[in-house]
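From just these sequences and the hints, can you work out the full model?
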Amino acid sequence: MHVPDGVIPLALQILMYGISLTALYVAVRRVNKRLSEKTVPYIGVLAAVVFAAQFVNFPVPPSSGHLVGSTMVAVMLGPWAGILVIALVLFVQAMYGDGGILTYGLNLFNMGVFSCLVGWALSLLFFKGLKKRMGEKTAVLVSTSMASYIVTVAAAFVLGLELQTVPGFGLAGLLAITSIHALIGVGEAILTFVILLYFVKARPQVISFLSDSEVRELANAVDAPWAEPST
Amino acid sequence: MERNEIVRFVIPVVVVVIAILSVVIFAGLASSNPDGFEWALFDFSGVPEPEGTFEGVWAFLGEGSVVEALTGAVGVIVVLVLGMIVFKALARKG
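Protein sequences appear in the order of chains A and W. Last residue of the first sequence: number 235 in my numbering, and the count goes up by one each step with no gaps. Last residue of the second sequence: number 247 in my numbering, and the count goes up by one each step with no gaps.
Derived by calculation from the structure, the hints in this document are not laboratory data. Just so it is clear, the structure is predicted and the values come from calculations on it, not from any experiment. Glycine included, C-beta positions come from ideal geometry on N, C-alpha and C. Please note: incorrect hints may appear among the correct ones.
One-sided excerpt, in silico: chain W residues whose CB lies under 10 Å from chain A [claimed, not checked]:
hint, residue
1, Leu174
2, Ala183
3, Asn186
4, Asp196
5, Phe197
6, Phe207
7, Val219
8, Leu223
9, Thr224
10, Val229
Derived, one-sided and incomplete: chain A residues facing chain W with beta-carbon distance under 10 Å [unchecked claim]:
hint, residue
11, Gly10
12, Tyr29
13, Phe130
See the structure below:
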């Protein structure tokens, strides 16, 4: 889903830079001083895992796909910290030539701002509905996986709308990019489940949805990143 | 930030991530098909792929499994360190 330079009209790139930089500013303001210093290593690891997972493509004939991870990081850290993590990952990828420099704003909007905010909101909605039926740990896994599937398809649809500015793409292209991501989304959901399962088992205290729950009481060494500073 | 936590959690996870990444690359398990975006745009819709754009800071190393695994491992560590620097600056102390 990484758009290279030289495809999108400049005006749209500038617009998307404006939107994404505004969202980044808001994210920094929202995250500032709310995270515990003790959670920093986990966030670093999470960013590294997302980078690695985006580095390789899994086959989805006739195409291929890779994990985006936006919904997963949004559920774990909250949507604003999630946007910052994805911004960081996409920046390094742009330096690697995966996704353009000029299209960084557009890529950040699609995979970061849009995907983190919508993914988080959908996951929360599903989580609240499921947690009484299957317990919090299972509910967070299922709800995040479901939301990550929907967000992958929705983000592809948004990208398809943006690509309507490219001559030759058209509505058939919009249908193609959305339908192929309906398959890629399955891989996204599976990878999200597997990676999140590790954190649920190993470090449940870093998952924001599991705050104020029985899991939080099990947290022994690390403060929850979303916790307000004690006064 | 607890140094023990870095030794007990961060380093093992990063080592495992780099190991998995390397195995996937060396074993040829990563798909060489165009990704969903590229397929929909360049293959399906027939939009010409842009040429002469920035190919990345490692382009001078060329291509190949070894280069890909090496640059991938470097990227993982760079993202880890950058993430820790950025979020440490934003975190509340204590």
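Violated hints - listed by number, lowest first: 7, 8, 12, 13
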